[in-house]
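Chains A and B, in that order, are what the protein sequence lines are. Residue numbers are given in full-length UniProt numbering: position 383 of the first sequence equals residue 383, and the series is strictly consecutive. Residue numbers are given in full-length UniProt numbering: position 124 of the second sequence equals residue 124, and the series is strictly consecutive.
Since the hints were made in silico from the structure, they are not lab data. Misleading hints may appear alongside valid ones.
Because identical chains cannot be distinguished in the list, a pair is counted as satisfied if it fits within a single copy or across any two copies.
Straight-line Cα separation of at most 30 Å, DSS-like style, residue types lysine-lysine; simulated pairs [stated by the list, open to error]:
id, residue 1, residue 2
1, Lys189, Lys14
2, Lys397, Lys57
3, Lys98, Lys251
4, Lys337, Lys134
5, Lys4, Lys452
6, Lys410, Lys106
7, Lys263, Lys384
8, Lys349, Lys310
9, Lys263, Lys345
10, Lys57, Lys297
11, Lys260, Lys310
12, Lys474, Lys297
13, Lys256, Lys345
14, Lys80, Lys98
15, Lys452, Lys181
16, Lys80, Lys114
17, Lys337, Lys106
18, Lys189, Lys384
19, Lys4, Lys435
20, Lys470, Lys134
21, Lys134, Lys290
22, Lys4, Lys256
23, Lys454, Lys251
24, Lys104, Lys367
25, Lys57, Lys345
26, Lys47, Lys337
27, Lys371, Lys474
28, Lys395, Lys235
29, Lys397, Lys433
30, Lys80, Lys47
Below are the chains, spelled out letter by letter.
2 protein chains.
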Amino acid sequence: MGNKLTERNKDYSKWYNELVVQADLAENSAVRGCMVIKPYGYAIWEKMQAELDAKFKETGHQNAYFPLFVPKSLFEAEEKNAEGFAKECAVVTHYRLKTDPEDKSKLIVDPEAKLEEELVVRPTSEAIIWNTYKGWIQSYRDLPILINQWANVVRWEMRTRLFLRTAEFLWQEGHTAHASKGEALAEAKQMNNIYANFLENFMAIPVVQGLKSESERFAGAEETFCIEALMQDGKALQAGTSHFLGQNFAKAFDVKYASKEGKLEHVWATSWGVSTRLMGALIMTHSDDKGLVLPPKLAPHQVVIVPIYKGEEQLMEISETANELAAELREAGISVKYDNRDTHKPGWKFAQYELQGVPLRIAIGPKDLEKGTVELARRDTLTKEFVNQSEIVGKVKGLMVEIQDTLFQKALDYRSEHTTKVDTFEEFKNVLKTKGGFISAHWDGTIETETKIKELTKATIRCIPLEADKEDGKCVFSGNPSSQRVLFAKAY
Amino acid sequence: MGNKLTERNKDYSKWYNELVVQADLAENSAVRGCMVIKPYGYAIWEKMQAELDAKFKETGHQNAYFPLFVPKSLFEAEEKNAEGFAKECAVVTHYRLKTDPEDKSKLIVDPEAKLEEELVVRPTSEAIIWNTYKGWIQSYRDLPILINQWANVVRWEMRTRLFLRTAEFLWQEGHTAHASKGEALAEAKQMNNIYANFLENFMAIPVVQGLKSESERFAGAEETFCIEALMQDGKALQAGTSHFLGQNFAKAFDVKYASKEGKLEHVWATSWGVSTRLMGALIMTHSDDKGLVLPPKLAPHQVVIVPIYKGEEQLMEISETANELAAELREAGISVKYDNRDTHKPGWKFAQYELQGVPLRIAIGPKDLEKGTVELARRDTLTKEFVNQSEIVGKVKGLMVEIQDTLFQKALDYRSEHTTKVDTFEEFKNVLKTKGGFISAHWDGTIETETKIKELTKATIRCIPLEADKEDGKCVFSGNPSSQRVLFAKAY
Numbered sequence: 001m002g003n004k005l006t007e008r009n010k011d012y013s014k015w016y017n018e019l020v021v022q023a024d025l026a027e028n029s030a031v032r033g034c035m036v037i038k039p040y041g042y043a044i045w046e047k048m049q050a051e052l053d054a055k056f057k058e059t060g061h062q063n064a065y066f067p068l069f070v071p072k073s074l075f076e077a078e079e080k081n082a083e084g085f086a087k088e089c090a091v092v093t094h095y096r097l098k099t100d101p102e103d104k105s106k107l108i109v110d111p112e113a114k115l116e117e118e119l120v121v122r123p124t125s126e127a128i129i130w131n132t133y134k135g136w137i138q139s140y141r142d143l144p145i146l147i148n149q150w151a152n153v154v155r156w157e158m159r160t161r162l163f164l165r166t167a168e169f170l171w172q173e174g175h176t177a178h179a180s181k182g183e184a185l186a187e188a189k190q191m192n193n194i195y196a197n198f199l200e201n202f203m204a205i206p207v208v209q210g211l212k213s214e215s216e217r218f219a220g221a222e223e224t225f226c227i228e229a230l231m232q233d234g235k236a237l238q239a240g241t242s243h244f245l246g247q248n249f250a251k252a253f254d255v256k257y258a259s260k261e262g263k264l265e266h267v268w269a270t271s272w273g274v275s276t277r278l279m280g281a282l283i284m285t286h287s288d289d290k291g292l293v294l295p296p297k298l299a300p301h302q303v304v305i306v307p308i309y310k311g312e313e314q315l316m317e318i319s320e321t322a323n324e325l326a327a328e329l330r331e332a333g334i335s336v337k338y339d340n341r342d343t344h345k346p347g348w349k350f351a352q353y354e355l356q357g358v359p360l361r362i363a364i365g366p367k368d369l370e371k372g373t374v375e376l377a378r379r380d381t382l383t384k385e386f387v388n389q390s391e392i393v394g395k396v397k398g399l400m401v402e403i404q405d406t407l408f409q410k411a412l413d414y415r416s417e418h419t420t421k422v423d424t425f426e427e428f429k430n431v432l433k434t435k436g437g438f439i440s441a442h443w444d445g446t447i448e449t450e451t452k453i454k455e456l457t458k459a460t461i462r463c464i465p466l467e468a469d470k471e472d473g474k475c476v477f478s479g480n481p482s483s484q485r486v487l488f489a490k491a492y
Numbered sequence: 001m002g003n004k005l006t007e008r009n010k011d012y013s014k015w016y017n018e019l020v021v022q023a024d025l026a027e028n029s030a031v032r033g034c035m036v037i038k039p040y041g042y043a044i045w046e047k048m049q050a051e052l053d054a055k056f057k058e059t060g061h062q063n064a065y066f067p068l069f070v071p072k073s074l075f076e077a078e079e080k081n082a083e084g085f086a087k088e089c090a091v092v093t094h095y096r097l098k099t100d101p102e103d104k105s106k107l108i109v110d111p112e113a114k115l116e117e118e119l120v121v122r123p124t125s126e127a128i129i130w131n132t133y134k135g136w137i138q139s140y141r142d143l144p145i146l147i148n149q150w151a152n153v154v155r156w157e158m159r160t161r162l163f164l165r166t167a168e169f170l171w172q173e174g175h176t177a178h179a180s181k182g183e184a185l186a187e188a189k190q191m192n193n194i195y196a197n198f199l200e201n202f203m204a205i206p207v208v209q210g211l212k213s214e215s216e217r218f219a220g221a222e223e224t225f226c227i228e229a230l231m232q233d234g235k236a237l238q239a240g241t242s243h244f245l246g247q248n249f250a251k252a253f254d255v256k257y258a259s260k261e262g263k264l265e266h267v268w269a270t271s272w273g274v275s276t277r278l279m280g281a282l283i284m285t286h287s288d289d290k291g292l293v294l295p296p297k298l299a300p301h302q303v304v305i306v307p308i309y310k311g312e313e314q315l316m317e318i319s320e321t322a323n324e325l326a327a328e329l330r331e332a333g334i335s336v337k338y339d340n341r342d343t344h345k346p347g348w349k350f351a352q353y354e355l356q357g358v359p360l361r362i363a364i365g366p367k368d369l370e371k372g373t374v375e376l377a378r379r380d381t382l383t384k385e386f387v388n389q390s391e392i393v394g395k396v397k398g399l400m401v402e403i404q405d406t407l408f409q410k411a412l413d414y415r416s417e418h419t420t421k422v423d424t425f426e427e428f429k430n431v432l433k434t435k436g437g438f439i440s441a442h443w444d445g446t447i448e449t450e451t452k453i454k455e456l457t458k459a460t461i462r463c464i465p466l467e468a469d470k471e472d473g474k475c476v477f478s479g480n481p482s483s484q485r486v487l488f489a490k491a492y
């Protein structure tokens, strides 16, 4: 276990970096900007994957796998998409290394093994997938195609941070093909909704669903739906996006279908994705100065049992009770770890599991055996109580629900307190400076205003909320008329 | 659905390629040697993943994720490993594309975005992982490390075939670190054993467990355990390998631990993997001239129900019964697809599900409604019978077990018939030419003999079986003394 974390109010960014490493979630690797996701961090990611994968399948999607590489000629086919990603893509140019003639212990790129056409390591897979769909789609009978892929992607970012922005990251990308605009739009909305429900009900993170402004849209999309969450430092985080791609990719790759009426028409598309960035959202929404705080639905271990003992004999007695309790809890569907390692002291274990955000800790000592009790400690509130062993299963089951709800409510309260309606630009700047968070303000709908506000304040339009009431007003910057408030914030 | 498949005895290789594409398992992509794994093929791979992942976790392994890229300086650190993979690795040299000044619609590699150090796309991850383990291991308390990774890897093969040999493939790679040689060896054996059990009990593929000869070992391993299966054309297929890596990587990356006695010692290592190549083994073990044959434990749909009807009203009546049966079967843990699409005729559906290897097909027509029966067709034996609807659940449950067993027994019989003991080189060549399969023969243990036999016959030593009786004899080629028979075969 590492040292005490830097406190959030001293240096939020440092706190985050220390927490990620010390809680064994991830670390930087020898490859610039690429991370190693450690077993504990990966176990949380697996929980996210399992839940999302089930939701995708329930809504008729199937998984498939497409190549890691995109030939340059395909990559450049959809112009806006290519332009958007060209600046940050890793390019394979050779397919062989050979021994360095000047130093036999070294390898060099073999100049004779140059590829005829360079291969881009996928930053996203629209190009390779739509080139494939071309061969799959002839008639309306072949539609819709509802496919998802779990994969790694690479975007050569210059400034990286564990989970939040890494050169390689893991994600899922859905790519669907439809016979009509309406169906594709409904799909894009549906998937954004699935993301929102997942974040709120599973990760206990409240989100705002909305549309991106034109300048924040995915390169190649006609409309980008998104979910935006608010972190504890008042900055927003884009947690997932779902794009209505119109017929852009179908046109770039010439994908047409024969309709029921026998007409040849271009196919309509969506794509949607969430990534390991969600780990960053998770950490920055719930955690505290003692470390990670996990909602029970995402915790690899929901309960950890720690024995407090002196000597082998006492450990055996305690273990008997601990194993019985663990068995009862598992029977009730709770995941339990019994940590009876003799290499570490109870105090060390307490601190470690606090750091790693295990929702409940049960400690059992010799006095507990006498009294038939255990000490139950709750990670989110840092409170403790003694509970009769006979009541532990019911108690723990109840707390799993209660903790999940409490975390969501706490995050929701934070967001409510940090969402401010403003009507003047002075107020806008002032709120941004003093408390941060979401700023709900009128905007005239122009890129010029958006750009100017960004230049002056670093705040961007996070989204045009889907559920906001229409309300006539004046743009907070230009004073021109506006029909709806949008959400501004500084963002990750 | 495609055309009739080429028959196996006419052109086995063509049959295989046609089957993979027509059964919707995979197809070639726009990227040389890289495949697209289609949803049906991927669903089978997911079944394999789920079962293997559970077995890994039961034996104490955890999943993690390491970078896709290996900096050249790390790649070359373990000399033999580097030498083994240098000839076939994709190399990233640049991190940006830019608009072609001569044609604004094209992109070119930006010469100003050349990486200081080239990055190898991982062909296997020992180098990047052992460089990471260096930071994780200080004392015996940090050991063992038992980690698995599900990932894509790239090996630039010149001759590729769907699933069997592709430039990019999906796999899992286990990488473990231990305090003693004995523990590492036991781990390598254990994992090979898990692979063997998985192939036999889940994929219904009999395998021989053995050791690789020195020349067939993994580059950088001290000992390679393997499982070898026999395909229907008499060629062997290496289905999985588990390597005892000794201290080679610990030495290359300077990974030492302080023992209980306080001595600094190099760590012992294993690595082990199976890949999407298993899809090829699956296809070539069980399938026939009508298409894929799937063991029930791997079938995405174990039962398909096809209604035989004229008109909407009849379909509704049949659907009522079909949905009831489907619900009962699902209740009993059977995965069922009810295909009531009106876009395809029953005959087309029958052929399609035969091609895709669905173990059982249930057809329900108007006469079945009268009589309370269904027609039950078995994919592996191509037999049909009428079964009372009231008996269908018991019948299907029984057949799931029976089909799984039958497929295994059939493959085992084939292997027994195609494993031949030979004692002269004439016989060796003759058997290889006339019936193929495994040849059990004495070998003098030298690379010279092994190489010579390979040159003359194209047969290689598939393995030195773990369970063979020691038996004194004379090398089938050199006549020199030998203490054990080994298995030769032509191989994929």
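Each hint, compared with the structure:
1. In this assembly of identical chains, the alpha carbons of Lys189 and Lys14 never lie at most 30 Å apart, being 36 Å within a copy and 44 Å across copies at closest.
2. Taking the shortest alpha-carbon separations for Lys397 and Lys57, both the intra-copy value of 28 Å and the inter-copy value of 25 Å come in at or below 30 Å.
3. Only between protomers do Lys98 and Lys251 lie at most 30 Å apart by alpha-carbon distance; the minimum there is 23 Å, versus 42 Å within a single protomer.
4. In this homomeric assembly, Lys337 and Lys134 come within 30 Å of each other (Cα to Cα) only across copies, at 27 Å, whereas the closest approach inside a single copy is 50 Å.
5. In this assembly of identical chains, Lys4 and Lys452 lie within 30 Å of each other by CA distance neither inside one copy nor across copies; the values are 42 Å within and 64 Å between.
6. Proximity of Lys410 to Lys106 under the C-alpha cut-off of 30 Å is found in neither arrangement, the shortest distances being 56 Å within a copy and 51 Å between copies.
7. In this homomeric assembly, Lys263 and Lys384 never come within 30 Å of each other (Cα to Cα): the closest approach is 69 Å inside a single copy and 42 Å across copies.
8. In this assembly of identical chains, Lys349 and Lys310 lie within 30 Å of each other by CA distance solely inside one copy; the values are 16 Å within and 69 Å between copies.
9. Taking identical chains as interchangeable, the C-alpha atoms of Lys263 and Lys345 lie at most 30 Å apart only when they sit on different chains, with a minimum of 24 Å there against 74 Å within one chain.
10. Taking CA atoms no more than 30 Å apart as the test, Lys57 paired with Lys297 passes in both settings, with 20 Å inside one copy and 20 Å between copies.
11. Taking the shortest alpha-carbon separations for Lys260 and Lys310, only the inter-copy value of 22 Å comes in at or below 30 Å, while the best intra-copy value is 78 Å.
12. In the homo-oligomer, the alpha carbons of Lys474 and Lys297 never lie at most 30 Å apart, since the shortest distance is 43 Å inside one protomer and 64 Å across protomers.
13. Taking identical chains as interchangeable, the C-alpha atoms of Lys256 and Lys345 lie at most 30 Å apart only when they sit on different chains, with a minimum of 25 Å there against 66 Å within one chain.
14. Proximity of Lys80 and Lys98 under a CA criterion of 30 Å is satisfied inter-copy only: 13 Å between copies versus 38 Å inside one chain copy.
15. Taking identical chains as interchangeable, the C-alpha atoms of Lys452 and Lys181 are never at most 30 Å apart, the minima being 34 Å within one chain and 65 Å between chains.
16. When the C-alpha separation of Lys80 and Lys114 is checked against a cutoff of 30 Å, the pair qualifies both within a copy, at 28 Å, and between copies, at 24 Å.
17. Neither within a single protomer nor between protomers do Lys337 and Lys106 lie at most 30 Å apart by alpha-carbon distance, with minima of 47 Å and 56 Å respectively.
18. Taking the closest pair of Cα atoms, Lys189 and Lys384 never come within 30 Å of each other, the shortest separation being 43 Å inside a single copy and 46 Å across copies.
19. For the identical chains of this complex, Lys4 and Lys435 are intra-copy neighbours only, at 27 Å inside a copy versus 70 Å across copies, given an alpha-carbon limit of 30 Å.
20. Neither within a single protomer nor between protomers do Lys470 and Lys134 lie at most 30 Å apart by alpha-carbon distance, with minima of 41 Å and 58 Å respectively.
21. Proximity of Lys134 and Lys290 under a CA criterion of 30 Å is satisfied inter-copy only: 27 Å between copies versus 53 Å inside one chain copy.
22. For the identical chains of this complex, Lys4 and Lys256 are inter-copy neighbours only, at 27 Å across copies versus 60 Å inside a copy, given an alpha-carbon limit of 30 Å.
23. Within a single copy, Lys454 and Lys251 get their C-alpha atoms no closer than 34 Å, and across copies no closer than 52 Å, so neither meets the 30 Å cut-off.
24. For the homomeric pair Lys104 and Lys367, neither the shortest alpha-carbon distance inside one copy (67 Å) nor that between copies (78 Å) is at most 30 Å.
25. Taking the closest pair of Cα atoms, Lys57 and Lys345 come within 30 Å of each other only across two copies (26 Å); inside a single copy the shortest separation is 45 Å, beyond that limit.
26. For a Cα distance limit of 30 Å, the shortest separation of Lys47 from Lys337 qualifies both inside one copy, at 16 Å, and across copies, at 27 Å.
27. Proximity of Lys371 and Lys474 under a CA criterion of 30 Å is satisfied in neither setting, with 68 Å inside one chain copy and 74 Å between copies.
28. With identical chains, the CA atoms of Lys395 and Lys235 are never at most 30 Å apart, being 36 Å at best within one copy and 60 Å at best between copies.
29. For the identical chains of this complex, Lys397 and Lys433 are neighbours neither inside a copy (43 Å) nor across copies (67 Å), given an alpha-carbon limit of 30 Å.
30. Proximity of Lys80 and Lys47 under a CA criterion of 30 Å is satisfied in neither setting, with 35 Å inside one chain copy and 38 Å between copies.
In summary, the numbered hints that this structure violates are 1, 5, 6, 7, 12, 15, 17, 18, 20, 23, 24, 27, 28, 29, 30.
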